[in-house]
Amino acid sequence: MVHQIVEYLRNADPLIQMSAAAIVLTLLGIIFALTYYKKWRWLWREWITTVDHKKIGIMYLICALLMLFRGGVDALLMRTQLAFPNMNFLDSQHYNEIFSTHGTIMILFVAMPLIFAMMNIVVPLQIGARDVAFPFLNAVSFWLFFFGALLFNLSFVLGGSPDAGWVSYPPLAELSHSPGPGINYYVLSLQISGIGSIATGINFIVTILKMRAPGMTLMKMPLFAWSVLASCIVIIFAFPPLTVALALLGLDRIFGTHFFTMLHGGNPMMYVNLFWIWGHPEVYIAILPVYGILSEIVSTFSKKYIFGYKSMVASLMLISVISYFVWVHHFFTMGAGPGVNSFFAVASMAVGIPTGVKVFNWLFTMFRGRIRVTLPMLWALAFIPCFVIGGATGITLASAPSDYQLHNSYFVIAHFHQTLIGGAVFGLLAGMYYWWPKMFGFKLNETLGKWAFWFFNIGFYVCFMPQYALGFMGMTRRVYTYPAETGWGSLNFISTVGAYLMGIGFLFIVVQVLYSIRYGERDTTGDPWDGRTLEWSLPSPAPHYNFAQIPTINGRDAWWEMKQQRKAGSLVSENELKPIHMPNRTPLPFLMSLAFFVSGFGLVFNQFTIATVGLIGVIVCMLWRSLEDDRGYYLSVDEIKQTEASVRGA
Amino acid sequence: MGVRNLKKTGVSDKLKKFLFGFVLLFLLPGCSDRFVLLDPAGPVAQTEYRNIMLTMVLSAIVAIPVLAIMVYVVYRYRDRPENQAPYTPNWDDSKILEVIWWGIPILIVAILGVYTVRDTFSLTRPPSDQKPVTIQVVSLDWKWMFFYPESNISTVNYVEIPTGVPVQFVLTADAPMNSFWVPQLGGQVYTMPGMEMYLWLQADRSGVYEGKGANFTGKGFAHMNFQVVAKPKSEFEAWVKSVKRSAPPLTNEKYNQLVKPSIANKQLYSSYPTSLYKDIVNKNGGMYYTHHGHH
Numbered sequence: 001m002v003h004q005i006v007e008y009l010r011n012a013d014p015l016i017q018m019s020a021a022a023i024v025l026t027l028l029g030i031i032f033a034l035t036y037y038k039k040w041r042w043l044w045r046e047w048i049t050t051v052d053h054k055k056i057g058i059m060y061l062i063c064a065l066l067m068l069f070r071g072g073v074d075a076l077l078m079r080t081q082l083a084f085p086n087m088n089f090l091d092s093q094h095y096n097e098i099f100s101t102h103g104t105i106m107i108l109f110v111a112m113p114l115i116f117a118m119m120n121i122v123v124p125l126q127i128g129a130r131d132v133a134f135p136f137l138n139a140v141s142f143w144l145f146f147f148g149a150l151l152f153n154l155s156f157v158l159g160g161s162p163d164a165g166w167v168s169y170p171p172l173a174e175l176s177h178s179p180g181p182g183i184n185y186y187v188l189s190l191q192i193s194g195i196g197s198i199a200t201g202i203n204f205i206v207t208i209l210k211m212r213a214p215g216m217t218l219m220k221m222p223l224f225a226w227s228v229l230a231s232c233i234v235i236i237f238a239f240p241p242l243t244v245a246l247a248l249l250g251l252d253r254i255f256g257t258h259f260f261t262m263l264h265g266g267n268p269m270m271y272v273n274l275f276w277i278w279g280h281p282e283v284y285i286a287i288l289p290v291y292g293i294l295s296e297i298v299s300t301f302s303k304k305y306i307f308g309y310k311s312m313v314a315s316l317m318l319i320s321v322i323s324y325f326v327w328v329h330h331f332f333t334m335g336a337g338p339g340v341n342s343f344f345a346v347a348s349m350a351v352g353i354p355t356g357v358k359v360f361n362w363l364f365t366m367f368r369g370r371i372r373v374t375l376p377m378l379w380a381l382a383f384i385p386c387f388v389i390g391g392a393t394g395i396t397l398a399s400a401p402s403d404y405q406l407h408n409s410y411f412v413i414a415h416f417h418q419t420l421i422g423g424a425v426f427g428l429l430a431g432m433y434y435w436w437p438k439m440f441g442f443k444l445n446e447t448l449g450k451w452a453f454w455f456f457n458i459g460f461y462v463c464f465m466p467q468y469a470l471g472f473m474g475m476t477r478r479v480y481t482y483p484a485e486t487g488w489g490s491l492n493f494i495s496t497v498g499a500y501l502m503g504i505g506f507l508f509i510v511v512q513v514l515y516s517i518r519y520g521e522r523d524t525t526g527d528p529w530d531g532r533t534l535e536w537s538l539p540s541p542a543p544h545y546n547f548a549q550i551p552t553i554n555g556r557d558a559w560w561e562m563k564q565q566r567k568a569g570s571l572v573s574e575n576e577l578k579p580i581h582m583p584n585r586t587p588l589p590f591l592m593s594l595a596f597f598v599s600g601f602g603l604v605f606n607q608f609t610i611a612t613v614g615l616i617g618v619i620v621c622m623l624w625r626s627l628e629d630d631r632g633y634y635l636s637v638d639e640i641k642q643t644e645a646s647v648r649g650a
Numbered sequence: 001m002g003v004r005n006l007k008k009t010g011v012s013d014k015l016k017k018f019l020f021g022f023v024l025l026f027l028l029p030g031c032s033d034r035f036v037l038l039d040p041a042g043p044v045a046q047t048e049y050r051n052i053m054l055t056m057v058l059s060a061i062v063a064i065p066v067l068a069i070m071v072y073v074v075y076r077y078r079d080r081p082e083n084q085a086p087y088t089p090n091w092d093d094s095k096i097l098e099v100i101w102w103g104i105p106i107l108i109v110a111i112l113g114v115y116t117v118r119d120t121f122s123l124t125r126p127p128s129d130q131k132p133v134t135i136q137v138v139s140l141d142w143k144w145m146f147f148y149p150e151s152n153i154s155t156v157n158y159v160e161i162p163t164g165v166p167v168q169f170v171l172t173a174d175a176p177m178n179s180f181w182v183p184q185l186g187g188q189v190y191t192m193p194g195m196e197m198y199l200w201l202q203a204d205r206s207g208v209y210e211g212k213g214a215n216f217t218g219k220g221f222a223h224m225n226f227q228v229v230a231k232p233k234s235e236f237e238a239w240v241k242s243v244k245r246s247a248p249p250l251t252n253e254k255y256n257q258l259v260k261p262s263i264a265n266k267q268l269y270s271s272y273p274t275s276l277y278k279d280i281v282n283k284n285g286g287m288y289y290t291h292h293g294h295h
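Taken in sequence, the protein lines are chains A and B.
All residue numbers for the first sequence refer to the UniProt record's numbering, where the first residue is 1 and numbers rise by one.
All residue numbers for the second sequence refer to the UniProt record's numbering, where the first residue is 1 and numbers rise by one.
Think of the hints as simulated: they come from the structure by calculation, not from any bench.
Certain hints may be false.
[What the hints assert, rightly or not] Simulated crosslink set (EDC-like; lysine to aspartate or glutamate; CA at most 16 angstroms straight-line): (1) Lys641/A with Glu561/A; (2) Lys241/B with Asp93/B; (3) Lys310/A with Asp79/B; (4) Lys303/A with Asp530/A; (5) Lys443/A with Glu576/A; (6) Lys303/A with Asp79/B; (7) Lys244/B with Glu98/B; (8) Lys310/A with Glu98/B; (9) Lys303/A with Glu644/A; (10) Lys231/B with Asp279/B; (11) Lys303/A with Asp92/B; (12) Lys233/B with Glu160/B; (13) Lys131/B with Glu237/B; (14) Lys563/A with Asp530/A; (15) Lys244/B with Glu160/B; (16) Lys578/A with Asp530/A; (17) Lys310/A with Glu150/B; (18) Lys233/B with Glu210/B; (19) Lys220/A with Asp92/B; (20) Lys231/B with Glu210/B; (21) Lys219/B with Asp91/A.
[To be verified] Some chain A residues near chain B, calculated using beta-carbon distances under 7 angstroms: (22) Lys303; (23) Thr333; (24) Val346; (25) Gly352.
The C-beta atom is built at its ideal place from N, Cα and C for all residues, glycine as well.
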């Protein structure tokens, strides 16, 4: 294994060698800084062993932004290679590795953790809970995600990245055509982080169904919580097929079975089906919470109740159901026959119905409102046209006869980037700006944020609109180069310019965060946006127990109504404080996930001793947890009073 | 928009060309030969082209008003002290409006659904009632192999077809799955090891059409291009005769060479072992399937 890694690095592209050196230097720098400032203990006690949903959410957010950087650099490398015909910046192999890691990272290690970040930080605060239903499991989910992402990101310096596309279709992804460790990295890292995702799905379904504050019936629940519920239902049904697909592909590659091989009766189409039974619902997992975020933001910054609440709930749940009946539209061209294709085509178009309803309801929430165009609202407003266009092109792709032509072309690339960037990323950035004061206690600087917004938005359209046209010119996806005669050169060049503009936009966000840590406007009220839901009733950042007293809910937009009552002087005085039961911090989630990582790393290189040691570690951690008697602890009334006094500045 | 001029022009020229291209794209579809999807050369591509346009127009019927309403609403209801527009913070429901915006998308999806189902079924049938030609296609790493079972000739990265006649391509792979695509003649279908797929195409006018592998298959994927030459039936038959007369035969040994990963140029063969194509399908798993051809 060591020999293989050293050989790989010796022969690698200079870009990769430089990255490897940079990683080592960064690690040394971090270790030095932690030691110099004596922060190891702080890191261990406050973060690594925490079970606090707010801190876990922040860790998800940090990881997602780091991964966004990595995925974004991948994107810029690709766009540079495609800027001109016959470019020699990246060779075929390197380009293939980069588009494979770009896709995998953006979906699984950017979109998913960004969503988990929002869910973790907001859902318990919004429904009046003190934590999620299973805080220990929540920490396990995070660390499994963390080590899954780490394993995936090690691949490009330790042995070679996966290079069969983010879908890794066999037989290309089988040993016969991809003999290196790359696809093993893909299989094992997705498997490890996928277990965490399923656990998160279960955790938040239970949290939302069982832990709402008294009086908050389901139909009084904020729409973000509804959207998370819808998304989590999709997670628990969609991720198991991915687990199965990856397990079978892993068995083929590591233990020599023949589920999806070319020879010996394997059937690659089975993988394609399993993959997309997860893969399409996966994009709804990413977009559903964004619908919730949009609903919160549009309502808050229009100073109005959300329009058509019941319709909004119905459309969320409808999307989560329809999402299971569309997967074949990823391979209409695999000859399933006209009956099957017709069914999946119409089902795919039908997704447009509830989605369209949501857009109309957002518009009519703003209608006769009072619109404040703050940073979160700006991103929400940018989301709407972008997502509408992305949805419209999606209708074209959903129609099977159109898809026969457009499948695998740049039209598809433009479409899904428009829904995933213009949809998911715009919405998640809106959410990040909206809840940032709640997470950290200060606002992000508006001016820098506007620069970031315009660079990113204009860059987006400059980058992806030409790609629709390239689709009509017959440009296929995943080509690392193209001859000048195709006439694709000028549009590709423009697209590359757009990608760099987006890169500048991202840098502005980084500068904005760094600047605001020091100079950002502090949030002393806990309610900087004149919010409507319960999280804004708490100080920013919220104390670790969230609510000193669990509020009783009488209507939707609970905090808005409390404020109205308070103005009218009719708010009932609060009850006596009682001691609060809290979960203990624990190192087990971290250690167990580390053991998963060791086991996965061993399997990547077919080192069964290392793999077994890792698995034993996992089992020991599970036994430890099962046998230990951890009943948590109680916060006394005095401690609560002290904390409340200090955070509320009384 | 000559190809050769491109290299000499600067960025601003490129920008002009881009804008020009966009105008073409939306106003004059079919006028630019670069936009191959907008320039169908046969009935299959024509059906698909119409389907694309129909879906785009119907989507635009919803999308454009939505964007217009949004611009108006954001402009009209900005939170400014002097803004006199009505403000109704508690108005959050309207049965009539809800019925309208559930109704419109349902109606549009229903219309699109009817056309989609009609075209999806019609594309599985031969595009005209002329006697069809059959061509077997095998995707290899990284080249396209064509067999003409009716005349026993074979070609690589090059295929000739008669105009005005439906061509049934029967496709398989002796490599990871690819996708066979000739945009001006019609949409693609996957080639899969051990399975046979069927695709009807037809060229109504003579010409050279670019074909390509559309599904990623590794290092040489970007170079998996081929040419489809459509010519009148008599010229096509003359071409077949000349290949039979002058090209070398394809032997099993030669085929085994071709299977190995490499990039290839156009090749012609006067004959091939009769069982070759069937053997390719069978060895990759075809023997485990019973085929029900969708003829």
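Here is how each hint holds up against the structure:
1. Lys641/A with Glu561/A: Not OK: Lys641/A and Glu561/A at ~25 angstroms, beyond 16 angstroms, violated.
2. Lys241/B with Asp93/B: 75 angstroms, violated
3. Lys310/A with Asp79/B: 27 angstroms, violated
4. Lys303/A with Asp530/A: Status holds; Cα separation ~9 angstroms.
5. Lys443/A with Glu576/A: Roughly 33 angstroms between the alpha carbons, so the hint for Lys443/A and Glu576/A is violated.
6. Lys303/A with Asp79/B: Measuring from Cα to Cα gives roughly 9 angstroms; hence the hint holds.
7. Lys244/B with Glu98/B: 69 angstroms, violated
8. Lys310/A with Glu98/B: Status holds; Cα separation ~10 angstroms.
9. Lys303/A with Glu644/A: 29 angstroms, violated
10. Lys231/B with Asp279/B: Violated, because 31 angstroms separates the two Cα atoms, which is more than 16 angstroms.
11. Lys303/A with Asp92/B: It holds: about 12 angstroms lies between the C-alpha atoms, which stays within 16 angstroms.
12. Lys233/B with Glu160/B: 10 angstroms, holds
13. Lys131/B with Glu237/B: 14 angstroms, holds
14. Lys563/A with Asp530/A: 10 angstroms, holds
15. Lys244/B with Glu160/B: 14 angstroms, holds
16. Lys578/A with Asp530/A: 29 angstroms, violated
17. Lys310/A with Glu150/B: 64 angstroms, violated
18. Lys233/B with Glu210/B: 20 angstroms, violated
19. Lys220/A with Asp92/B: Within the cut-off at roughly 14 angstroms; holds.
20. Lys231/B with Glu210/B: Holds - the C-alpha atoms of Glu210/B and Lys231/B are around 15 angstroms apart, at most 16 angstroms.
21. Lys219/B with Asp91/A: Answer holds: Lys219/B to Asp91/A is near 9 angstroms, not above 16 angstroms.
22. Lys303: 6 angstroms, holds
23. Thr333: Result: holds, 5 angstroms to nearest chain B Cβ.
24. Val346: 4 angstroms, holds
25. Gly352: 6 angstroms, holds
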